[in-house]
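Keeping the supplied structure of chain A fixed, place chain B upon it in accordance with the hints.
Each protein sequence line maps, in turn, to chains A and B. Sequential numbering from 1 applies to the first sequence in my numbering. Sequential numbering from 1001 applies to the second sequence in my numbering.
To be clear, the hints were calculated from the coordinates, so they are not data collected in a lab. One or more hints might be untrue.
Each computed DMTMM-like pair below joins lysine to aspartate or glutamate, with the alpha-carbon atoms no more than 25 Å apart [what the hints assert, rightly or not]:
#, chain 1, residue 1, chain 2, residue 2
1, A, K3, A, E56
2, A, K80, B, D1123
3, A, K80, A, E41
4, A, K80, B, D1126
5, A, K3, A, E240
6, A, K80, B, E1213
7, A, K80, B, D1122
8, A, K198, A, E212
9, A, K80, B, D1147
10, B, K1301, B, D1285
11, A, K80, B, E1217
12, A, K80, A, E2
13, A, K80, B, E1209
14, A, K198, A, D104
15, B, K1301, B, D1202
16, A, K80, A, D69
17, B, K1301, B, D1027
18, A, K80, B, E1133
19, A, K80, A, D137
Chain by chain, the residues run as shown.
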Amino acid sequence: MEKLRGKVALITGASSGLGRAIALAYAREGASLSICARRDEALQQVCAAVHAFGAEVIAINADMRSDRDIERLVVLTLEKFGRVDILVNNASELGPTPLPHLADYPGHAFADVIDVNVTAPFRLTQALLGGMLLRGDGVVINVSSDVAVHGYPGWGAYAVSKAALDGLTRTWAAELEGTGVRIHAIDPGDMDTAMHRKALPEDDPAALARPEDVAEAFVWLAAASGPTPAVRLEASRLMEEAALV
Amino acid sequence: MRGLRRDQVRLLVLDRRRGAIEHTRFDQIGDYLLPGDLLVMNTSRVLPAALPARRRDGSRIQLRPCVRRPGAWDVLAVEPEPPHRNVILVAGELVEIGGRLFGRVIGRRPDIPLLWRIQVVDDNLDPFLLFGEPIRYSYVPEPVAIDYYHSVYSTQPGSAEPASAGRPFTWSLINRLRAQGVGGAEIILHTGLSSYQDDDFDREHRLFEERFEVGAETAEALRNAQRVVAVGTTVVRALESAVAPDGVVRPMRGWTDLAIRPGSELRAVDALVTGLHEPLASHFDMLEAFAGRGLLARAYKEAVERRYLWHEFGDSMLIV
Chain A
1 MEKLRGKVAL ITGASSGLGR AIALAYAREG ASLSICARRD EALQQVCAAV
51 HAFGAEVIAI NADMRSDRDI ERLVVLTLEK FGRVDILVNN ASELGPTPLP
101 HLADYPGHAF ADVIDVNVTA PFRLTQALLG GMLLRGDGVV INVSSDVAVH
151 GYPGWGAYAV SKAALDGLTR TWAAELEGTG VRIHAIDPGD MDTAMHRKAL
201 PEDDPAALAR PEDVAEAFVW LAAASGPTPA VRLEASRLME EAALV
Chain B
1001 MRGLRRDQVR LLVLDRRRGA IEHTRFDQIG DYLLPGDLLV MNTSRVLPAA
1051 LPARRRDGSR IQLRPCVRRP GAWDVLAVEP EPPHRNVILV AGELVEIGGR
1101 LFGRVIGRRP DIPLLWRIQV VDDNLDPFLL FGEPIRYSYV PEPVAIDYYH
1151 SVYSTQPGSA EPASAGRPFT WSLINRLRAQ GVGGAEIILH TGLSSYQDDD
1201 FDREHRLFEE RFEVGAETAE ALRNAQRVVA VGTTVVRALE SAVAPDGVVR
1251 PMRGWTDLAI RPGSELRAVD ALVTGLHEPL ASHFDMLEAF AGRGLLARAY
1301 KEAVERRYLW HEFGDSMLIV
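One chain only, chain A, in its complex shape (with noise of 0.2 Å):
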């Protein structure tokens, strides 16, 4: 059975890695799909490969570093499906590579990875909690790390958003606390994904998970009917717990 028919979900960061894979996962599970990117070539194979699904879809080129992008995702979005179920904030900036240290971190990088990494998930959440909060009912599930609870050294600001989306997902997640709207954090864990190569360059690939099995984490937490899944998850626990594996 397709564990989210009838759903509309919005994935930001969509062209490639985790994002591609949440929404091909998504589409095959009977959702209805706006996915966003800012690189638009990439975004429309992904389009294409939702479409080969029989998804609806709409692909919509944005930089979550723009307010004025932000607002037309979400325009854009409502006007074609009317709401949004499964908002799944997975757009990241890694900053610059070879990772700097802190010491040595521009400043200005340092406040893009916070704007797309923290600013965008909040605006973005805040814009569509509105539909849900009046229907009582809705997902929001921001993809967090490892880094944000352990101290790395030249993890620098990715560390430092990561940690500051857990404390925007519990705060928020107490303030939604009997509304029929739920708000997680996920740690998808280490992943064959293009950052991942930037990041830990030396990394062997056979190693690590694929995005395409982190995903089946994705789609259990939206479905998820029953008791209320916790606040902070970390996906390798989620699957092998809710045999996904």
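For chain B alone, kept in the frame of chain A given last:
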């Protein structure tokens, strides 16, 4: 806007039964609502509807689309800078937005000569979303980001101007009212323009068609409500437009040109939350239908004396 939380603006309460006027703060509105009351909200999302356009001679103008029908939009054409006087277009001329052809001017709209009908190249919202700014009147001295115009529940895009009566609501207030037993329901009414940038024309208080939708769930909720509290005159217009001959609101979508004037009978709405606007506006006519001239005049006098703030970022009023 004033460094206040949305729900910290002032609230003037007009109690029609007692003929009384009270002054409080918006977040205290629950004191005047009862379990079983139904707040009906307009969830239309305002578009940045002041579009920077260029004529073929290179001169800049601003277009304000207010009625959009497939292939043909009715727009106000004004100068790009304040005081935004009307600009005379020529039938057949081409207009560009963002360096791309936007459309061809068909001519004046016969019933509203200040509006120009334009045959548009595309029906999509990109002229608004890529290039538009919120329509701003002289009482808002600096540009304001579009999210300040949105209500916290605005969803369905399509209004030319904000349905601003809902602006003071916060989710913490709405959730508190819900816990108090006050229900909520939605309609959509996409607003047109509140001013045609022409004093003589604006003084006639003419109202033109706006697109609206009242859903089945809302019609059902209305049947079970003790009192129907409209959040904004747009909600009154939508609900009263959806009243069937038997006096019951039915699900309906379409265009309405209903005007509610002093003496109009209100069949769907019992109470109203609204902003404060100049007594000249057509808005005031509708308020008079609710409160009657005497009480309303007293309320406005007190609002002026106590320096209530007017317009979309100003204070609020509840008529019960």
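Verification of the supplied hints:
1. A:K3 <-> A:E56: 16 Å, holds
2. A:K80 <-> B:D1123: At roughly 13 Å apart (the allowed maximum being 25 Å), D1123 of chain B and K80 of chain A satisfy the hint.
3. A:K80 <-> A:E41: 22 Å, holds
4. A:K80 <-> B:D1126: Holds - the C-alpha atoms of D1126 of chain B and K80 of chain A are around 13 Å apart, at most 25 Å.
5. A:K3 <-> A:E240: 19 Å, holds
6. A:K80 <-> B:E1213: Cα-Cα ~16 Å, so holds.
7. A:K80 <-> B:D1122: Distance of about 16 Å is within 25 Å: holds.
8. A:K198 <-> A:E212: 19 Å, holds
9. A:K80 <-> B:D1147: 20 Å, holds
10. B:K1301 <-> B:D1285: This hinted pair holds, its Cα atoms lying about 17 Å apart.
11. A:K80 <-> B:E1217: With a Cα-Cα distance of about 21 Å, the restraint between K80 of chain A and E1217 of chain B holds, given a limit of 25 Å.
12. A:K80 <-> A:E2: 22 Å, holds
13. A:K80 <-> B:E1209: This hinted pair holds, its Cα atoms lying about 23 Å apart.
14. A:K198 <-> A:D104: Holds, at roughly 18 Å.
15. B:K1301 <-> B:D1202: Distance ~23 Å between K1301 of chain B and D1202 of chain B Cα, so the pair holds.
16. A:K80 <-> A:D69: Judged against 25 Å, a Cα distance of about 16 Å means the pair holds.
17. B:K1301 <-> B:D1027: Holds: K1301 of chain B and D1027 of chain B sit about 23 Å apart, inside 25 Å.
18. A:K80 <-> B:E1133: 22 Å, holds
19. A:K80 <-> A:D137: 19 Å, holds
Taken one by one, the earlier hints all hold for this structure without exception.
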